[in-house]
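Same order as they appear, the protein sequences are chains A and B. At position 876 of the first sequence the residue is numbered 876 (this note's numbering), and the sequence of numbers has no breaks. At position 54 of the second sequence the residue is numbered 54 (this note's numbering), and the sequence of numbers has no breaks.
Heads up, incomplete: computed chain B residues facing chain A, CB under 8 Å, no partners named:
id : residue
1  : R33
2  : A40
3  : L47
4  : A64
5  : I65
6  : L75
7  : S79
8  : G83
One-sided excerpt, in silico: chain B residues whose CB lies under 7 Å from chain A:
id : residue
9  : A32
10 : L35
11 : P60
12 : S62
13 : I76
These are computed hints drawn from the structure, not numbers from a lab. The beta carbon of each residue, even a glycine, is placed where N, CA and C say it ideally should be.
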Amino acid sequence: MATLNVLILVCLGYVVLLFGVAFAADRMAAAGRGAWLRSPLIYTLSLSIYCTAWTFYGAVGNAARSGLEFVTIYLGPTLVMLSWWWGLRKLVRVGRSQRVTSIADLISSRYGKSNTLAICVTILAVLGGTPYIALQLQSITLSFSIFAEADPSGLYREGASVFWVAAGLAVFAILFGTRNLDANERHHGVVTAIALESVVKLFALLAVGIFVVWGIAGGVGPMMDRIDASEIGQWNVDGGRWTTFIFLSAAAFICLPRMFQVMVVENADEGHLRTAAWAFPLYLLLMSLFVIPIAVVGLDLMPEGSNPDLFVLTVPLSQGNDWLAMFSFIGGFSSATSMVIVTAMALSTMVSNHLVMPIWLSTQEGSGSVSGDVRNVVLVARRVSIAVIMALGFFYYRLSGGGTALASIGLVAFAGIAQILPALVGGLFWRGATRTGALVGLTVGFLLWIYTLLLPGMGGALMPEAVLQNGLFGWSWLRPQALFGIDGMDPMVHTVMWSLTLNTFAFCTASLLSFPSPLERLQGAQFVNVYDHSVAARGWTGSVAQSEDLMIMTQRILGAGPAQEFFQAEAKAQGGRASLPEPTPGFLERLERELSGSVGAATAHAMIGQIVGGSSVSVEDLLAVADESAQLLEYSSQLEVKSAELSRTARQLREANTKLTQISEQKDSFLSQVSHELRTPMTSIRAFSEIMRDTDGLSTEEQTRYAAIIHDEALRLTRLLDDLLDLSVLESGRVNLNMGGDTLCSVLDRAVSSALAGSRPTLKVRRSRSSERIPLHTDLDRLGQVFINLISNAQKYCDADEPVLTISAHDVGGQVVIDFADNGSGIPPEAQSMVFEKFARVGVDKAGGAGLGLAICREIMQRLGGEISYLPGQGGAAFRVRLPLAYQQAAQ
Amino acid sequence: MSLGEDRQPKGARPSLFLERQSYRRRRLTDAARLLPILGAVLIALPLLWPSQSASGDGVPLSSAILYIFTCWALLIVISLIFGFAARRMAANDDSEPESDRWPR
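Extracted from the complex, chain A is given alone in its bound form (with noise of 0.2 Å):
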């Protein structure tokens, strides 16, 4: 006889096997040599999770109780599963393209990743939950109780066993969920553990089956004989429970936590669906085929009253085949851990991104770049979740005492999960479903499975007798069990017919009259048509600094390393040299999937979003790309200027090309005309020379006339030698000033008397004197050279029949102007930039000086730091003269 002692002993051995194949396949993986791990058989094999102990003891006991009605159970996911190509395949789609991590976070994700949805299906989840765990928690606690009654020894209490189970599942799904941090990254390990848990319940099943109809009965005859003969031996199952019980198990075989975790969580390829879909269906036969058999044989051998939970474990001990039961036992028990580990994984991966996240997020608002590590965060309250599931579970068991049959729990369960299909259903086949919908439909439903169902399952405490008989309030419409008057329902027909159809009416009705988010629709248009791969741009706008502030915030999420990998490749691919990449929306949506395999795609989306600042596609975004055009239109506008400048530029360019030009020319022609100017009165010279030399008889008067024209000749080679000579110097700079003090006034005086002295008086000189008694610090003899060039070059050019020549002062800004304006024609524009060049003279017709005149007074000017220049738009020829004012106070 075993005993308890061997059988914990074993429990031990096989989790510990466990333990090994997990850690065996994890580093298969990591090696790279575990192809068969992504096998359809392992996926297939995997799926069977759905398989808790639930069906591996309550299908037998609800056999033994209402006949074939335990095959519903199986059937739904049967049909499920043949219709992949309808629905599966798109959920494992859309899973797989939104990196989603449990069905919580496909809701949400649907749904504008709401958050506040992502929170309802967890609640809902972890509510419908509970019942499933304590079922588990009661399947191991009876088996355990069955072989105790058997060991002497009689050390066992059953409020003890159920306490050590479940705290020792929690810490075996702690060990087993909880290692690595990306819930989106297949557990090889995890998933490898429970396809051979699945192996070991199905053979263990199929062992006991075929022991009982061969073994026992005697062969398939025999036994066909004996079911006629039992107590169930005829086809008595009621219509209404059979249909909503395949459609029960239909609808929480996709929504149930566990399952969307194999089934589209741990998904490696779409294409092992084709083989589940025959492959699944089977097991689920096989595992069937042998439970009328166990429970028509157990009615039979098994003395009135006792547990048909329980007859899996029980009829092969009552024949004394002790090892066979142990085999049955440790199916059981792989029955049940397979689906805790499985549960608690995507109940906490749940709890965690949806509950603690953003609970802690809210906490460290306002800082960008959140402190400390958040891996460690979500893996602690990951674990911490796991307890308290398993704690809510073992309450659960405590509370409800342990005496519902397993089969009605399981399905208290699968009614509340089944709240999640019709926002699930239509979000992925209804553009129009919004997340008000959803909420309501769940929140109706929800409540409707509560009222109805949870609570008057669990007896008196929480529900009193008078609600239960009379209705809520004492409105005998509401009665939990009979709403709307309509009596006499199962209670499990009644309970799903009502919330599901409420919940599916509220749904629809709140999604017609409500209107989705921006974000909500683009998402619905991804989910709904996520065979086009319609990922659109969501609208993410970032600038360069922020890539430090993510990278920071995705190192404490993905880790250092994959995180800086991720970001290198990033910015590879984008072609940049830099470390960090740029962040483009683009890449912003990809970090965002790659977070959310991590921490869920609510999350991420406010992780995102509190670095970036700006949401996706929102009425700021759609102002944003506003903002945009209008930089656009700013910077077309910048474009412009800039161009205008260059052209500017292009011109001065040309501008100063033709003064190059020009200057070239006239450096051409200074040697011609410096020769033209020396040969002329060298002409005159020589010929009036040769006359007083050769001629003879010469009368004295002509010989004065000749002697003073070859005098006026030499005077002017002299002048204009004198003139070449002073602008080499005062080019070459090696002039030296005489400073002396005295007015303007005077140094104006004395130039205007020189400058008119011995000509026709026809110049009239305009002065304001009161304007210029300005005491003046400089070389006054030069200055005075510059003035009187200005007013002779007034008297020799002005071509106005009365001239005038205007003379003003001013003290402008610390510097004194000197305009010199005549009334004459000007200068013609072509000419005014040439007029201080070397030997420029406006018009051939004006003969006069040699054209050096206005070039020796810039050089003056410049070199008494002032300046002289053309002042076009006078009317007549006008040039201004500049002097600073600082060689006046260094005078005083």
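Assemble the complex: chain A is given as a structure, and chain B must be docked to it using the hints.
Positioned in the frame of chain A, the structure of chain B alone reads:
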């Protein structure tokens, strides 16, 4: 079907074979979609059976088991055939990327 048939030179109507294959594929997916409906009908059929009555002329449980499990096995076999056919089609025909874009 000869090997050269789908490698005909240009202009020699190469489309007929591919069209046909793609047509077959579409019908195959149609079958895959109809399968769950067939399954639902088969499974719903027991609803019409007379329930256990006092006179005892109900359907014996062994017949019910036989019916249910036979239907079940039948569905599995059809699904299996479809799975292999779909895989062969997918392996044969890489040239048609629209394979999973069926009009809805």
